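Student: Below, each chain spelled out in residue letters.
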Amino acid sequence: MMTYIVFILSVIFVVSFVGFSSKPSPIYGGLVLIVSGGVGCGIIMSFGGSFLGLMVFLIYLGGMLVVFGYTTAMATEQYPEVWVSNTTVMGVFLLGLLMEVMLVLYVLKSEEVGVVFKFSGVGDWAIYDTGDSGVFSEEIMGVAALYSYGAWVVIVTGWSLLVGVLVILEVTRGD
Amino acid sequence: MNPLIFTTILMTVLLGTMIVMMSSHWLMIWIGFEMNLLAIIPILMKKYNPRTMEASTKYFLTQATASMLLMMAIIINLMHSGQWTITKVFNPTASIIMTSALAMKLGLTPFHFWVPEVTQGISLTSGLILLTWQKLAPMSILYQISPSINLNILLTMAVLSILVGGWGGLNQTQLRKIMAYSSIAHMGWMTAVLAYNPTLTMLNMLIYIMMTLTMFMLFIHSSSTTTLSLSHTWNKTPLTTTLILITLLSMGGLPPLSGFMPKWMIIQELTKNNSIILPTLMAIMALLNLYFYMRLTYSTSLTMFPSTNNMKMKWQFETKRITFLPPLIVMSSLLLPLTPMLSILD
Numbered sequence: 001m002m003t004y005i006v007f008i009l010s011v012i013f014v015v016s017f018v019g020f021s022s023k024p025s026p027i028y029g030g031l032v033l034i035v036s037g038g039v040g041c042g043i044i045m046s047f048g049g050s051f052l053g054l055m056v057f058l059i060y061l062g063g064m065l066v067v068f069g070y071t072t073a074m075a076t077e078q079y080p081e082v083w084v085s086n087t088t089v090m091g092v093f094l095l096g097l098l099m100e101v102m103l104v105l106y107v108l109k110s111e112e113v114g115v116v117f118k119f120s121g122v123g124d125w126a127i128y129d130t131g132d133s134g135v136f137s138e139e140i141m142g143v144a145a146l147y148s149y150g151a152w153v154v155i156v157t158g159w160s161l162l163v164g165v166l167v168i169l170e171v172t173r174g175d
Numbered sequence: 001m002n003p004l005i006f007t008t009i010l011m012t013v014l015l016g017t018m019i020v021m022m023s024s025h026w027l028m029i030w031i032g033f034e035m036n037l038l039a040i041i042p043i044l045m046k047k048y049n050p051r052t053m054e055a056s057t058k059y060f061l062t063q064a065t066a067s068m069l070l071m072m073a074i075i076i077n078l079m080h081s082g083q084w085t086i087t088k089v090f091n092p093t094a095s096i097i098m099t100s101a102l103a104m105k106l107g108l109t110p111f112h113f114w115v116p117e118v119t120q121g122i123s124l125t126s127g128l129i130l131l132t133w134q135k136l137a138p139m140s141i142l143y144q145i146s147p148s149i150n151l152n153i154l155l156t157m158a159v160l161s162i163l164v165g166g167w168g169g170l171n172q173t174q175l176r177k178i179m180a181y182s183s184i185a186h187m188g189w190m191t192a193v194l195a196y197n198p199t200l201t202m203l204n205m206l207i208y209i210m211m212t213l214t215m216f217m218l219f220i221h222s223s224s225t226t227t228l229s230l231s232h233t234w235n236k237t238p239l240t241t242t243l244i245l246i247t248l249l250s251m252g253g254l255p256p257l258s259g260f261m262p263k264w265m266i267i268q269e270l271t272k273n274n275s276i277i278l279p280t281l282m283a284i285m286a287l288l289n290l291y292f293y294m295r296l297t298y299s300t301s302l303t304m305f306p307s308t309n310n311m312k313m314k315w316q317f318e319t320k321r322i323t324f325l326p327p328l329i330v331m332s333s334l335l336l337p338l339t340p341m342l343s344i345l346d
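Chains as they are written, first to last, in UniProt numbering: chain A, 1 to 175; chain B, 1 to 346.
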């Protein structure tokens, strides 16, 4: 099973994406988002990116999703919609599930999948593996490079975050 | 809005477009588009009524979808070329997806449905920024990837845009919707020549921005958003009726005004490349545009439309001071003799 761990995790990833894109109430969407975040973290970590996976858990799930969960809990209704309560939601979920099952069967049956791009197993993605160059892990070097060579990116993203706060305050201020 | 916050947000809109135009890394371009989109939402919502909020939501949804498509095209390009530099896009799938994403951002057919609705829901100044500044960033990316765009898709979108821009504007009396359909048609002209000579796209963009700026300034000056209120300008400021006439005819592409220059150059470039039916069709469909401009000039400048006022001129308490209006009017009507200067662009 360990050789197919990335494949299994990516199937769970896609299924959880289908789960929240079929639009149940936000609180259940957040629940599935937690699952998808955790599974995505697992995929990154099985390629050796332990730092990035930790970032997903800490910042994404532990920061942004917690805030989202609290605001949704304040604004939720008495009987929030589940996947089985509304025919449309259930229909979309089942459709997405069916498409994923068919894709999985296609991948398992034939050697190569050539839908938008040619994909023939996880070996294709090995070039993006975070390699180990001896003593240092390249992944941590990448994070360090963000603050040295990528200073402009840090400035731009920091400014975007500040302006994002200003924009949100402006939009929700009302008259 | 607090003036400091408004200035910050407006500067962020400018910064977003500048980042898009000056970056060499695809991710920075995407970041620039998102920054632009995020910061223009409160500008579109300057007045708090349900129309502006609906228009801002529509704008946000379409542009966010376009950004997502752009990101997917960037990643497919990364997969096939292994690098993030802006050059031509090497994979045809990525090229088609990127062209569709940029067409959604510009408002080309078949992604044009948001342009009249969003332009109608917002104030005149916001509509001005939307129809002029927001076109610069996607057009600069189209310019940079122009060697690799699929010609069939590009020309289909261009011709359909000219058609939709002409026919869609025929039934309109609201000035902002007329300007929106005019924008769709002009974008069609710009993208038609993109694969043959992208410099002419930039020329058309420049002249289009000047003319649209002038038209919007004239509308803001008379605070008119419908044909009916525009037709009363003979009573308020008779001089602007003449200026509206000149600018509208320039937008319609009539010689000897400067709006003729891009159309002439585009038709010349297309015929140099052995396509004759296409520029003929484009020129004929531009007549649809000219028709509704003529209808505006008829009710505004060529006739003294009936109004409730008995006197020759209304009593003016204070006039809005419009920056740069005289130079804009001169540039949007008298630039045609400068056409030979285009040879310096080689």
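Everything labelled a hint here was simulated from the structure, so no lab data went into it. One should not assume that every hint holds.
In silico DMTMM-like pairs for lysine to aspartate or glutamate, Cα to Cα no more than 20 Å straight-line [claimed, not checked]:
1) B:K177 - B:E269
2) A:K23 - A:E100
3) B:K58 - B:E117
4) B:K46 - A:D175
5) B:K47 - A:E100
6) A:K23 - A:E81
Not everything, but these chain B residues come out facing chain A in the computed CB check (under 8 Å) [said to hold, decoys possible]:
7) L10
8) T12
9) M21
10) I41
11) P255
Since this is a predicted model, take the numbers as computed values, not measurements. Even glycine gets a Cβ: it sits at the ideal position worked out from N, Cα and C.
Student: Hint by hint, say whether it matches the structure.
Tutor: Results for each hint:
1. B:K177 - B:E269: violated (30 Å)
2. A:K23 - A:E100: holds (18 Å)
3. B:K58 - B:E117: holds (8 Å)
4. B:K46 - A:D175: This hinted pair holds, its Cα atoms lying about 10 Å apart.
5. B:K47 - A:E100: violated (45 Å)
6. A:K23 - A:E81: Holds, because 9 Å separates the two Cα atoms, which is no more than 20 Å.
7. L10: violated (11 Å)
8. T12: Hint on T12 of chain B: holds, closest Cβ of chain A at ~5 Å, below 8 Å.
9. M21: Since chain A brings no Cβ nearer than about 14 Å to M21 of chain B, farther than 8 Å, the hint is violated.
10. I41: holds (6 Å)
11. P255: Violated, because the Cβ-Cβ distance from P255 of chain B to chain A comes to roughly 45 Å (cut-off 8 Å).
Checked against the numbered hints above, the structure breaks hints 1, 5, 7, 9, 11 and satisfies the rest.
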